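2 protein chains.
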Amino acid sequence: MKITVAQLNYHIGNFKGNTAKMLDAVQRAKEDGADIVCFSELATCGYPPRDFLEFDDFICLGEESIAALAEAAQGIAIVVGSVSHNPVPEGKDLYNSVYFLEDGKIKFIQHKSLLPTYDIFDEYRYFEPAHEWGIVEYKGKKIALTVCEDIWNIGNENPLYKICPLDNMMKYEPDFILNVSASPFDTDHAESRINIVKANCDRYKIPMIYVNHVGAQTEVLFDGGSLIASGDGTIHDELPYFEECIKTYELADIESATTENFQKKDKIALIHDGIIMGIKDYFGKLGFTKAILGLSGGIDSAVTIALAARALGAENVHALLMPSQYSSDHSIDDAVALAENLGCPYDIIPIKGIYDAFMDQLAPKFGDLPFNVTEENIQARARGVLNMAMSNKFGNILLNTSNKSEMAVGYGTLYGDMCGGLSVIGDVYKSDVFRLAEYINKDGEVIPMNTITKPPSAELRPNQKDSDSLPDYDILDEILYQYIERTQDPQDIIAMGYDAKLVKRILRLVNINEFKRYQTAPVLRVSSKAFGMGRRMPIVGKYLS
Amino acid sequence: MKITVAQLNYHIGNFKGNTAKMLDAVQRAKEDGADIVCFSELATCGYPPRDFLEFDDFICLGEESIAALAEAAQGIAIVVGSVSHNPVPEGKDLYNSVYFLEDGKIKFIQHKSLLPTYDIFDEYRYFEPAHEWGIVEYKGKKIALTVCEDIWNIGNENPLYKICPLDNMMKYEPDFILNVSASPFDTDHAESRINIVKANCDRYKIPMIYVNHVGAQTEVLFDGGSLIASGDGTIHDELPYFEECIKTYELADIESATTENFQKKDKIALIHDGIIMGIKDYFGKLGFTKAILGLSGGIDSAVTIALAARALGAENVHALLMPSQYSSDHSIDDAVALAENLGCPYDIIPIKGIYDAFMDQLAPKFGDLPFNVTEENIQARARGVLNMAMSNKFGNILLNTSNKSEMAVGYGTLYGDMCGGLSVIGDVYKSDVFRLAEYINKDGEVIPMNTITKPPSAELRPNQKDSDSLPDYDILDEILYQYIERTQDPQDIIAMGYDAKLVKRILRLVNINEFKRYQTAPVLRVSSKAFGMGRRMPIVGKYLS
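Taken in order, these protein sequences are the chains called A and B.
Heads up: the first sequence is residues 852 to 1396, going by the working numbering.
Heads up: the second sequence is residues 852 to 1396, going by the working numbering.
Watch out, some of these pointers could steer you wrong.
One copy or two, it doesn't matter: identical chains are merged, so the pair holds either way.
As the list claims (entries may be wrong) - Straight-line distance between alpha carbons at most 25 Å, and here's what the computed DSS-like set of lysine-lysine pairs gives: (1) Lys1393 <-> Lys867; (2) Lys1141 <-> Lys1216; (3) Lys1393 <-> Lys1141; (4) Lys1216 <-> Lys1244; (5) Lys1244 <-> Lys1316; (6) Lys1244 <-> Lys1203; (7) Lys1203 <-> Lys1216; (8) Lys1115 <-> Lys1380; (9) Lys990 <-> Lys881; (10) Lys1316 <-> Lys1115; (11) Lys993 <-> Lys881; (12) Lys1380 <-> Lys1367; (13) Lys872 <-> Lys1393; (14) Lys1316 <-> Lys881; (15) Lys1049 <-> Lys1022; (16) Lys1305 <-> Lys1056; (17) Lys1131 <-> Lys1393; (18) Lys958 <-> Lys990.
Don't read these hints as lab results, they were simulated from the structure.
Since the model is a prediction, treat every value here as computed from it, not as a measurement.
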């Protein structure tokens, strides 16, 4: 039996495009002589469809996609994830299902049992969990069909759940397991996926084929990395990260596999490749080709433009250099050198005249009040307006250049440098931004060394440095990581050896700046806990604040 | 038996403040000779605590509050909602529970069974549902304790759920039901609450006491309106809306009640009062007293400032009039008249010099390209920067003045008029904004008649009117309502008699402007479907777009 694994990039709500792409893959699978072609979770509508699921019309379009795919299931079986209706009035209206299509018809449907409802996931908001389990028989083989999370509760040891769907399917003695997934990227996730697939094979002693999404849906990145494993857990193949791939396997080869075939998992390289895919898909799926961003000479905008140039082509990324009276000469030189290294078009627009025009109007109100964060913010906001004006006039999207460390502690100006349609490195701590810069430079200097080595500064007042108001980024980032990714309590972080006053100050800064992050662009998610839809905090709260 | 109902305003994460407030109420109940005092759902930590629940320390603080309340439960029993631990490894770690405290101890805990996971609710993200039900006996009475949603599945007819907790409790023959709630306001909700309480009484033939939260937690408003109902569903009392209230009842009086006692439920009056509470609590709980906003002479900012003045005191609401070359004289006159009617301080800051400074810098890039939305946005953004500069310098919060109709179709400038810490009328359609203006004027002209009667205009180019680019608000709002609140499909809305092209155009505008709403301030929620946490839409989607 030959099985084609189709790791594809879908687009939420684009039923026509997604279906056409799958029909092409069916054709390709037929040419490969495949008996089955397998797509991923909710492949018809894309993942996550979110509240689009509340529209009957949206559900109907999914049914039409399934009908079109069923029609193509002639001489080949198609396994594909899509929504299905709950036929009884009790419980939520919808199931998240995997369909087995054969002979022009829907032959079998298995619903998803384990509905992730944590971090970015809201599946219990929409779906009823499965309460029945079966298998499908095809060409003499018995196949267990599962959806994503269903394989993540091995032997019922995941405390989030109380059911192990595969345990319930085993009484039918399946020959192998197909899993259709939409399992998002983070830098540790490929490793976890391999471990979970191995552990399932180890428990059930049958092969597993795991088909993941690839591509970005706004902030959520899917890395692909689909897996083909033998009954003893040997990883016969791992599909590439961050790109589409269609590949056909002989089941007998999978069953008898003895050598493993993994890709390298370097954290910084994964972040680099993931962000590039994220930018590319954000623009491509919205129908835009050109970006704009402010280039300060600092490392954040340098890394952002380098990644954007690799994603969109240097000629499509326009840099604005907007020096103020507090900008140092080297900042402008470094920014120009970078734009020229990359081959990005750039313009220099000084903001002093604009700043002065604001201050002229405000002078009667401000009187003798001292220069403070207000004037710093006016500079950042003047730049925001200029960026947006160029974006509006020339139809490109402004990229936000904030890093995760500064977003965490609120070290940024709302409606100023926090503007932008997409936050490129908002899930990358400052210390990893430096590592990304070195990685970008690994085959030759793209980002000027001076940008990497000089002390970080917002340059909004004379001789300002980040270290005037923030601790060293190494320490800051470690404390933030413990609090944000690992949800450690303040007393636990202090027990790790950090200064108690510092820990409390930082955690307080994180919590009182929730209002700023609420109004920030979607952040490309590369860690297990990014700001945005996966981290939901009260604004008006009084906890650690 | 005497029962005290304590309808209080909690603050998320403020365990100390919430506990102190409850201890005061316990004292007051004792003075009233009460046998029981009843608080509401998750009263210790406030509702909704969101991802604060992921911190062990946060859960511990709740346990400490329960311990402090238990200590005060001497000569009186206390019923209060708080988090509890799931003692077994299977299932989520936490329960959403109601505690019965007596004789210095926790006497009984009942967990919540029905976990709302829709609209603004994410309870399944955090909590395990109850699988066991009991009752508590106290002074010869048997009491069924329930948490909020647990009374909303009468006879298992709510399709969202498969369990009816009260049906399971009835075998113990309780004498009455206590329900601790955190049931958010919308203009229809008080009516629904009364109906559900009546329907429960009708089914079980015993009295019910329903204790709700009151107060605002950022965008979510709780109106109170706690209910005391006899066994035949007579509403013996309904506590006031939008204010705290502590009141003691004799159970025998509840049982024998024959007359009903409701408050008026006028939609516009409820919105008016709800928004005022929302502003007051947003500022109060963040520790701010002063607001600023841009006053254009139009109806949106007029209604916003009138509501803010009533919430915070006119002297605490600073108006900025920022005319451009396109502002009409009457706009400035109307805005001045309004500020003076209200007694709000105001300043006039023309933006022409600032606009010209931007255009001077951009001229070499823009060349001969025609005036378009870019230049309109520069005006709106110049105002945004001025508003924020005054906010930063003088430590007040900028109020956003966008209405729901324009937020829906993206008729607003991101980082311009869409700036602000709180969206005051972002859940009020334009046609209701007019009704609110009339309601505000009911005891005398506050908002100048000219502001109400003149055709709406953004005044960003000569002779601009909203009706140049949008249909009449009456039609627009009805189509938006069907799409947003009622999640009707385009074909259903067209079938209601609206022009097909218009419907498709409007729905497309709603969907392609998701990126703008993603970066907007939290919106005070007054309808059953507000923009924000209760409506979760993909940005990069291709559905109706």
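Outcome of the hint check:
1. Taking the closest pair of Cα atoms, Lys1393 and Lys867 come within 25 Å of each other only across two copies (10 Å); inside a single copy the shortest separation is 48 Å, beyond that limit.
2. Taking the shortest Cα distances, Lys1141 and Lys1216 sit within 25 Å of each other only across copies (16 Å), while inside one copy they are farther apart (40 Å).
3. In this assembly of identical chains, Lys1393 and Lys1141 lie within 25 Å of each other by CA distance solely across copies; the values are 20 Å between and 42 Å within a copy.
4. In this assembly of identical chains, Lys1216 and Lys1244 lie within 25 Å of each other by CA distance solely across copies; the values are 10 Å between and 33 Å within a copy.
5. Proximity of Lys1244 and Lys1316 under a CA criterion of 25 Å is satisfied inter-copy only: 22 Å between copies versus 34 Å inside one chain copy.
6. Proximity of Lys1244 and Lys1203 under a CA criterion of 25 Å is satisfied in both settings, with 22 Å inside one chain copy and 20 Å between copies.
7. In the homo-oligomer, the alpha carbons of Lys1203 and Lys1216 lie at most 25 Å apart both inside one protomer (20 Å) and across protomers (18 Å), since each shortest distance falls under that limit.
8. Taking the shortest alpha-carbon separations for Lys1115 and Lys1380, only the intra-copy value of 23 Å comes in at or below 25 Å, while the best inter-copy value is 46 Å.
9. For the homomeric pair Lys990 and Lys881, the shortest alpha-carbon distance inside one copy (16 Å) is at most 25 Å, but the shortest distance between copies (76 Å) is not.
10. Proximity of Lys1316 to Lys1115 under the C-alpha cut-off of 25 Å is found in neither arrangement, the shortest distances being 37 Å within a copy and 59 Å between copies.
11. Only within a single protomer do Lys993 and Lys881 lie at most 25 Å apart by alpha-carbon distance; the minimum there is 21 Å, versus 69 Å between protomers.
12. Both within a single protomer and between protomers do Lys1380 and Lys1367 lie at most 25 Å apart by alpha-carbon distance, with minima of 18 Å and 23 Å respectively.
13. Taking the shortest alpha-carbon separations for Lys872 and Lys1393, only the inter-copy value of 15 Å comes in at or below 25 Å, while the best intra-copy value is 50 Å.
14. Proximity of Lys1316 and Lys881 under a CA criterion of 25 Å is satisfied in neither setting, with 62 Å inside one chain copy and 59 Å between copies.
15. Taking the closest pair of Cα atoms, Lys1049 and Lys1022 come within 25 Å of each other only inside a single copy of the chain (21 Å); across copies the shortest separation is 49 Å, beyond that limit.
16. Proximity of Lys1305 and Lys1056 under a CA criterion of 25 Å is satisfied in neither setting, with 56 Å inside one chain copy and 76 Å between copies.
17. In the homo-oligomer, the alpha carbons of Lys1131 and Lys1393 lie at most 25 Å apart only across protomers (16 Å), although the nearest pairing inside one protomer, at 39 Å, exceeds that limit.
18. For the identical chains of this complex, Lys958 and Lys990 are intra-copy neighbours only, at 13 Å inside a copy versus 61 Å across copies, given an alpha-carbon limit of 25 Å.
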